[in-house]
Amino acid sequence: MSTQKILNGNQTIAEAVRQIDPDVMAAYPITPSTAIVETIAKFKADGLISGEFVCPESEHSAMSVCIGAASAGGRVMTATASQGLALMWEMLYIAAGLRLPIIAAIANRSLSAPINIHGDHSDTMGARDSGWIQIYSEGCQEAYDNFLQAFRIAEHLDVRTPVLVGLDGFIISHSMEVITVEDDDEVKKFVGEYKPVYPLLDTSRKMTVGPIDFTDYYFEHKRNQIEGIENSPPVIEAVGKEFGQKFGREYGFFEEYRMDDAEICIVVMSSAAGTCKDAIDEMRSEGKRIGLVKPRVFRPFPHHKIADVLKKQKAVAVLDRSSSPGAFGAPLFTEIRSALYDYTERPKIVNYVYGLGGRDIKVEHFKEVALKLEKIADTGKVEEIYGYINLRE
Amino acid sequence: MKKENWKELTIGTINLDAGNSVKNLTGTWRSGKKPEFIEGNCIHCFFCWLYCPHFAILVEGDKVKGINYDYCTGCGICSVECPPKEKAIVMVKEEIKLIERSAK
Numbered sequence: 001m002s003t004q005k006i007l008n009g010n011q012t013i014a015e016a017v018r019q020i021d022p023d024v025m026a027a028y029p030i031t032p033s034t035a036i037v038e039t040i041a042k043f044k045a046d047g048l049i050s051g052e053f054v055c056p057e058s059e060h061s062a063m064s065v066c067i068g069a070a071s072a073g074g075r076v077m078t079a080t081a082s083q084g085l086a087l088m089w090e091m092l093y094i095a096a097g098l099r100l101p102i103i104a105a106i107a108n109r110s111l112s113a114p115i116n117i118h119g120d121h122s123d124t125m126g127a128r129d130s131g132w133i134q135i136y137s138e139g140c141q142e143a144y145d146n147f148l149q150a151f152r153i154a155e156h157l158d159v160r161t162p163v164l165v166g167l168d169g170f171i172i173s174h175s176m177e178v179i180t181v182e183d184d185d186e187v188k189k190f191v192g193e194y195k196p197v198y199p200l201l202d203t204s205r206k207m208t209v210g211p212i213d214f215t216d217y218y219f220e221h222k223r224n225q226i227e228g229i230e231n232s233p234p235v236i237e238a239v240g241k242e243f244g245q246k247f248g249r250e251y252g253f254f255e256e257y258r259m260d261d262a263e264i265c266i267v268v269m270s271s272a273a274g275t276c277k278d279a280i281d282e283m284r285s286e287g288k289r290i291g292l293v294k295p296r297v298f299r300p301f302p303h304h305k306i307a308d309v310l311k312k313q314k315a316v317a318v319l320d321r322s323s324s325p326g327a328f329g330a331p332l333f334t335e336i337r338s339a340l341y342d343y344t345e346r347p348k349i350v351n352y353v354y355g356l357g358g359r360d361i362k363v364e365h366f367k368e369v370a371l372k373l374e375k376i377a378d379t380g381k382v383e384e385i386y387g388y389i390n391l392r393e
Numbered sequence: 001m002k003k004e005n006w007k008e009l010t011i012g013t014i015n016l017d018a019g020n021s022v023k024n025l026t027g028t029w030r031s032g033k034k035p036e037f038i039e040g041n042c043i044h045c046f047f048c049w050l051y052c053p054h055f056a057i058l059v060e061g062d063k064v065k066g067i068n069y070d071y072c073t074g075c076g077i078c079s080v081e082c083p084p085k086e087k088a089i090v091m092v093k094e095e096i097k098l099i100e101r102s103a104k
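Just so you know, the protein sequences line up as chains A and B, in that order. So that you can map any letter, position 155 of the first sequence is 155 in this note's numbering, and since no number is skipped, the others follow by simple counting. So that you can map any letter, position 80 of the second sequence is 80 in this note's numbering, and since no number is skipped, the others follow by simple counting.
Note that these hints are calculated values from the structure, not bench results. Take every hint as true, because none was put in to throw you off.
Subject to a maximum C-alpha distance of 27 Å in a straight line, what follows is the list of computed DSS-like cross-link-like pairs (lysine-lysine): (1) B:K85 to B:K63; (2) B:K93 to B:K34; (3) A:K375 to A:K314; (4) B:K7 to A:K195; (5) B:K7 to A:K206; (6) A:K277 to A:K362; (7) A:K305 to A:K381; (8) B:K23 to A:K206; (9) A:K367 to A:K312; (10) B:K23 to A:K222; (11) A:K348 to A:K314; (12) A:K362 to A:K348; (13) A:K367 to A:K348; (14) B:K7 to A:K222; (15) B:K3 to A:K206; (16) A:K246 to A:K195; (17) B:K3 to A:K222; (18) A:K206 to B:K2; (19) B:K63 to B:K93; (20) A:K277 to A:K348; (21) A:K189 to A:K44; (22) A:K5 to A:K44; (23) A:K189 to A:K246; (24) B:K65 to B:K23; (25) B:K33 to B:K87; (26) A:K222 to B:K2; (27) B:K87 to B:K63.
Given the structure is predicted, the values throughout are model-derived calculations rather than measurements.
If we strip away everything but chain B, and leave its shape as in the complex, we get (with noise of 0.2 Å):
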């Protein structure tokens, strides 16, 4: 991504690029676990939709279809909310890296 120099930004640190927080793949600070969607436990509630703070949950007309590890950061919150007993999302082990990916 290229990063504007000083005279490019607005004054005042002003932010005109709303919802550019797209380009900030917090799946980068992700390290030690990941969580894994199991899709035959899951009931298609939605509570890892709702409660991801990073909008991590991939979603697909009224079903839940996976994590998009672009923005997870591996917080763990949709595994404790997944409600089944059998629950549909784990974390995992992640093998511990800094993931170099470029911004979409």
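Pulled out of the complex, with its shape left as it was, chain A reads as follows (with noise of 0.2 Å):
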């Protein structure tokens, strides 16, 4: 039986940990994942998990104490955020080049300078070519939806790539929702046994995991660790349907939300979309053909998908939380305009930062951006393709 719990978000995921008990988790705490490692090690010490939970020196250390123990053969996950990610920078390459299914939780955070606590994407955007798939949530029960997938689609023989399924520190990981926590059992069913394709403890087999490339055959490696990810979206799908089927919730790789008759949309990912849904609730009830579209998957991106749905649009407005100084804007608005390319019918696109280091956005901004969007459709001129959102100018 499913029970109502009322969980915040950090709090889920160690409860998704617990009921998955995978073999190893190692990590170090960082605000805002903090509470993910201190329920996890209660759990152990409460005798409620059984795997090993390692607390390292640093997370550099904590990824390649989970590389170490995947590459034994074990169902391994981590959970961090901000510094803690980038700390990590160079191990999660190599998860990723070793085909390794690590699933790790992140706590949505911005980097220094200026030290801020406080949530946005810059951490996980910044590992966004570093061969992990990336998932986002926007509250509560999807960062627990998502993390319970994560394990399937990663652990795929099809796929064997690492997953990071991203919730927004505080906004998400610190706030309480009542959500639905599936049956023990039917959780571990649903998750399965796992089964690892070349563990280093099988001592029947003789190999070498990491060798040294050089020219000669690092390029066909990189390519090979490319087919994992490329192999991933009917995966995802089959995936997020399963668990709809089994547990009520589908997913897939973005929700479309009021776009039936839309004219203009906005798209923006994670938490601000809950608050992107109210403020379109509130339009169409005056009247304005305005949608939403809210990417879940963001690694492999569904450019054809997504570029079908937003292509009939007059304008649509990409909203990053996150910034890519020097690029022709942020990372969601580069994939998705590059994505559009290709059609000779589509929309009027612009890009606006928000929320950088956590600066809230509200229901009027986004009235604001669509009042913006109505200017744009109405004129078929855009004057600014790139802003800002609640900035002080």
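Fit chain to chain and form the complex, with the hints in mind.
Dropping the structure here:
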């Protein structure tokens, strides 16, 4: 039987970890993900989980432990945020390069300087080319659901690629929500038993993991690695569908909200999408034909699927909670704008950076964006392709 | 040696071909100096065999027989470790060239 529980984002991740009970959990506490690590440590101390809990001296070491444990053949997870993810950097690439299905829960937080502990997507967006699959969550329920699905996606034999699940720091990690926690046995059944492919602990087979490659093999091994994430879209879809059949909450690459007859559209990920839905409901009641597209999976990015939805719009605003200094727009924007390039029929498109360092984005801000979109749709002209929301100018 | 394409490689860079470093002819790195074996001075202590980082000392039974130049990088450790006063391995000049050899 599923139960309703009042949990914050960190607790929902810890609850999922308790249910899955991975072989090894290695993590170093950092705000705002500390409570995940703390709660797992408590579960371990209370005898509720049997997996090894390792608390190393840094996040770099935490990911190194994960890589070693996953190479040995274990089901492995970690949790971190911000500077912690940044410190893991070189090991992230190694986890992906070795095709180890490690799962990381990331309580998205800004990067220094200046020091700030609040939520934005700078940390995971910086890791977007590390080869990890990236799934973002709107709230606590989604964080829980995404985390359970992450194991199935990462461990699929065609994929074998690490997955990170993002939950906005504080806004999700520390906010209470009534969520449905599924039955322990049903979760175990859904996630299934983990079967490592080439475990180092299998002493009957001699092998080398992570050998040196020069100009003769590195390129082929990298292409071989890319195949894992390229194989993942049908797996992500099937797992999202199966999750829906089993637990009643189905997931795809992105969510369309009131898009049926929409002429203008906002694209925004994670917790801000919840606020955006309220804004859209209010604007819809005023007769405005506006909708929302909320990307859930950022890597692999669903280029064609999302372009098919957006191509008929008159004007689209892509909202990014991170910046990419010097680039032609922030990460989500450049993906979407690039995806639309091949379509002769395509909308006018603008990019707004919002919420850096946890700066609020409210219903009124989405309404301001809608006003700009209406003007662009009416005139067919984009005056400012790149801007900022709720920034003192 | 035929090199695999990316589809033929084992995932995750895993190398299941244990001992395949024999295909890696480290002797192609050698430049400047090479060890020369003087059989008459050899006391067959096997120090060279023990110290050689590339297993490039040729032995037969309890006798040292010479150097395998396919794998010798010319590091000179064998010569340094060789105990007799009149050394059985001495480093001699070798013309600097990139040695092209096909794999075994």
